[in-house]
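Protein chains: 2
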Amino acid sequence: MIKISVDVMGGDYGPEVTLAGAAIAQKYLPNIHFLFYGVGEVVEPILKKYPHLVAASCFYPTESYTRMDEKPSQALRTGRGKSSMWHAIEAVKNGKADACVSAGNTGALMAMSYFCLKMMAEAERPGIAGIWPTLRGESIVLDVGATIGASASQLVDLAVMGAGMFRVLYHIEKPSVALLNVGVEAVKGLDEIKKAGIILRKVQLDGLEYKGFIEGNDIGKGTIDVVVTEGFSGNIALKVAEGTARQIAETLNITMRSSIFSYFGYLVSRSAFRKLKHKMDPDRVNGGVLLGLNGIVIKSHGGATANGFAAAIRVGYEMVSNGLLKEIATDLLLFHESKASLLDDEGKAVMNMEMV
Amino acid sequence: MIKISVDVMGGDYGPEVTLAGAAIAQKYLPNIHFLFYGVGEVVEPILKKYPHLVAASCFYPTESYTRMDEKPSQALRTGRGKSSMWHAIEAVKNGKADACVSAGNTGALMAMSYFCLKMMAEAERPGIAGIWPTLRGESIVLDVGATIGASASQLVDLAVMGAGMFRVLYHIEKPSVALLNVGVEAVKGLDEIKKAGIILRKVQLDGLEYKGFIEGNDIGKGTIDVVVTEGFSGNIALKVAEGTARQIAETLNITMRSSIFSYFGYLVSRSAFRKLKHKMDPDRVNGGVLLGLNGIVIKSHGGATANGFAAAIRVGYEMVSNGLLKEIATDLLLFHESKASLLDDEGKAVMNMEMV
Numbered sequence: 001m002i003k004i005s006v007d008v009m010g011g012d013y014g015p016e017v018t019l020a021g022a023a024i025a026q027k028y029l030p031n032i033h034f035l036f037y038g039v040g041e042v043v044e045p046i047l048k049k050y051p052h053l054v055a056a057s058c059f060y061p062t063e064s065y066t067r068m069d070e071k072p073s074q075a076l077r078t079g080r081g082k083s084s085m086w087h088a089i090e091a092v093k094n095g096k097a098d099a100c101v102s103a104g105n106t107g108a109l110m111a112m113s114y115f116c117l118k119m120m121a122e123a124e125r126p127g128i129a130g131i132w133p134t135l136r137g138e139s140i141v142l143d144v145g146a147t148i149g150a151s152a153s154q155l156v157d158l159a160v161m162g163a164g165m166f167r168v169l170y171h172i173e174k175p176s177v178a179l180l181n182v183g184v185e186a187v188k189g190l191d192e193i194k195k196a197g198i199i200l201r202k203v204q205l206d207g208l209e210y211k212g213f214i215e216g217n218d219i220g221k222g223t224i225d226v227v228v229t230e231g232f233s234g235n236i237a238l239k240v241a242e243g244t245a246r247q248i249a250e251t252l253n254i255t256m257r258s259s260i261f262s263y264f265g266y267l268v269s270r271s272a273f274r275k276l277k278h279k280m281d282p283d284r285v286n287g288g289v290l291l292g293l294n295g296i297v298i299k300s301h302g303g304a305t306a307n308g309f310a311a312a313i314r315v316g317y318e319m320v321s322n323g324l325l326k327e328i329a330t331d332l333l334l335f336h337e338s339k340a341s342l343l344d345d346e347g348k349a350v351m352n353m354e355m356v
Numbered sequence: 001m002i003k004i005s006v007d008v009m010g011g012d013y014g015p016e017v018t019l020a021g022a023a024i025a026q027k028y029l030p031n032i033h034f035l036f037y038g039v040g041e042v043v044e045p046i047l048k049k050y051p052h053l054v055a056a057s058c059f060y061p062t063e064s065y066t067r068m069d070e071k072p073s074q075a076l077r078t079g080r081g082k083s084s085m086w087h088a089i090e091a092v093k094n095g096k097a098d099a100c101v102s103a104g105n106t107g108a109l110m111a112m113s114y115f116c117l118k119m120m121a122e123a124e125r126p127g128i129a130g131i132w133p134t135l136r137g138e139s140i141v142l143d144v145g146a147t148i149g150a151s152a153s154q155l156v157d158l159a160v161m162g163a164g165m166f167r168v169l170y171h172i173e174k175p176s177v178a179l180l181n182v183g184v185e186a187v188k189g190l191d192e193i194k195k196a197g198i199i200l201r202k203v204q205l206d207g208l209e210y211k212g213f214i215e216g217n218d219i220g221k222g223t224i225d226v227v228v229t230e231g232f233s234g235n236i237a238l239k240v241a242e243g244t245a246r247q248i249a250e251t252l253n254i255t256m257r258s259s260i261f262s263y264f265g266y267l268v269s270r271s272a273f274r275k276l277k278h279k280m281d282p283d284r285v286n287g288g289v290l291l292g293l294n295g296i297v298i299k300s301h302g303g304a305t306a307n308g309f310a311a312a313i314r315v316g317y318e319m320v321s322n323g324l325l326k327e328i329a330t331d332l333l334l335f336h337e338s339k340a341s342l343l344d345d346e347g348k349a350v351m352n353m354e355m356v
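Chains as they are written, first to last, in this note's numbering: chain A, 1 to 356; chain B, 1 to 356.
None of these hints come from the bench; they were simulated from the model. On a predicted model such as this, the values are computed, not experimentally measured, just so you know. Don't take every hint at face value.
As the list claims (entries may be wrong) - 25 angstroms max Cα-Cα, derived SDA-like pairs, lysine to any residue:
#1 K194/A / C58/A
#2 K211/A / I172/A
#3 K275/A / N253/B
#4 K174/B / F213/B
#5 K275/A / K71/B
#6 K49/B / Y28/B
#7 K277/A / Y263/B
#8 K194/A / K211/A
#9 K27/A / C58/A
#10 K221/B / S259/A
#11 K211/A / S321/B
#12 K71/B / A340/A
#13 K71/B / K277/A
#14 K277/B / E215/A
Make a model of the complete structure from these sequences and hints.
The structure is reproduced here in structure tokens:
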């Protein structure tokens, strides 16, 4: 049985969407069991509408919930031991749940998860991995905003964790990995990115294939499985892609209604538009994964629909069934051991290597 | 008369496109005069095809040209005093031309321009400003890759230069300006961005209206005229937007041809698709502007078509006719004076202000 704890109150729409999402997920994920956390009088009337869900879940009423606009420090102060988000995370810590899913406030989720679950021994810092729809399928991009800036070693940690997640989610033995960099030639690229590239090339990890640098316009081609960058540029990249997709959809919508001809054409080719919409649907690939912690926490988009929330639950489910944490811990350990031996052998040569 | 020097050899297609582009620009830009730089035997046979262009231009044969794959340092070493790119830039320095346009190697163009024209006294570092098509029209995003990282004061310089460019290009007296930041609440945003925000709010420059922070997904909405960020994230943002647009276009193309129905619909609504294509056309808004130098240099996309190259020429033309350099120099001076007085009055309070 795979046990998923859900912060039922999280997200822009709360229980209406999260419970509907759980009901959808229940249909296609075998042996799933839910632990629902939320404010009793809000959750119970809605939960009653889903008798199948009631049968396969436990509901734990909580004193409060974390609002979407609370600052992380505030959320931690007021929500600790009380809010639905906190309890859903704590269920993972106590072993009552295998993974936690929340559509709530990202900052609060990050802060509470970090505080409650702590970092795994092998990881230095947490990262958030996002799933990116591409021309070929899906890629993972990380860090999309857990922290800002990253050292070479932290970038390699992200590469290792992202590759582990890709293996678990898509069953590819050796995902391709690249570091996001800028292509303007005058700019030499950040030293830490170059160093990370040198380390990845030298260490030759078993669980990933390092492919070098990638530019922003190449992510969507889907030629690279795991794209690694620090959290500031990663967050901007993810949001720019979302914004551009929405911009094009809106422009398309307006132009298609700009004349009776084009609208007729639109009606005729509606199935193709539906396909397009499906392919670019942020819901379909919903679910950011908090990596590096002693537990699996999935962040759903706040504005996700029920289908989107179900997709986030599926991500958590896959992570658990395929043993994400063990994968990542083993690989991080291997990397840090190889790094150490690399430093013994070639010492400062690698770290101080002249950057071309 | 407005004199534009053109690196005829630059770009993926060289003289065939750059001269065709100049011929298009000549038709709608009154009183334009060209100074063409390129290798004689390559340029002359093509130039002959455009008698109107020949009449309104001078051709200066050069010894060499800068290749698209040369490293900036190498390009500077081998091209200095010799290549078409160098001569086109030097024409601006010598006052023979008012602005230079090149579709060549960005790094080389940046390096040569910096070396040849030098920084204007008021600016600390150069920036590249990109034009970003939005739902409402166009915005300017900078820096898109001249340098990496930026201090608070350098970010404000970029804001001032970008606003000057927006005024000159779109004739808006007080463009709105925002700083690109990340919205994940756990991340407090870079300190330098916050400081820049405090400075912009306190200094209250006449030529711009500071609106606070903006996230990556908001750029495409076009609610902000000038979006300011350092060159690494700016370059990634620009390229991710391009990549996403191309990805959607390709997906749309495939789905429209996926059945006879949808293809028929596509044919019927072709005019709407053409409108969409026009709106999202990178050519239409082609032309990155190198800001902060003692001269106007425009970078066209390497892969621009003749229409795209003409658009880049138009950007240079507008910059000259509306006195970009003077605008920017005056505003930078004003900013640095106000900043100094601000520091006198409130001293370290601003600079060390606690970041919330």
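For each hint, the structure was consulted:
Restraint check for K194/A and C58/A: the C-alpha separation of about 49 angstroms exceeds 25 angstroms, so the hint is violated. As the CA atoms of K211/A and I172/A are separated by approximately 16 angstroms, the hinted pair is consistent with the 25 angstroms bound. Between the alpha carbons of K275/A and N253/B the distance comes to roughly 11 angstroms, so the proposed pair stays at or under 25 angstroms and holds. A hinted pair counts as satisfied when its Cα atoms are at most 25 angstroms apart, and K174/B with F213/B qualifies at roughly 17 angstroms.
Restraint check for K275/A and K71/B: not satisfied, since their Cα atoms lie roughly 43 angstroms apart, outside the 25 angstroms limit. Taking the CA atoms of K49/B and Y28/B, the gap is near 19 angstroms; set against the 25 angstroms cutoff, the hint holds. Restraint check for K277/A and Y263/B: satisfied, since their Cα atoms lie roughly 17 angstroms apart, inside the 25 angstroms limit. Annotation: proposed proximity of K194/A to K211/A holds, straight-line Cα distance about 13 angstroms (limit 25 angstroms).
The suggested pairing of K27/A with C58/A holds, with an alpha-carbon distance near 17 angstroms, which does not exceed 25 angstroms. Of the pairs offered as hints, the one joining K221/B and S259/A holds, with about 23 angstroms between alpha carbons and a cut-off of 25 angstroms not exceeded. For a cut-off of 25 angstroms, the pair hint linking K211/A to S321/B is broken: about 47 angstroms separates their Cα positions. At roughly 34 angstroms between alpha-carbon atoms, K71/B and A340/A are farther apart than 25 angstroms, so this suggested pair is violated.
Annotation: proposed proximity of K71/B to K277/A is violated, straight-line Cα distance about 42 angstroms (limit 25 angstroms). The straight-line distance between the Cα atoms of K277/B and E215/A is roughly 24 angstroms, inside the 25 angstroms bound, and the hint therefore holds.
Of the numbered hints listed earlier, those contradicted by the structure are 1, 5, 11, 12 and 13.
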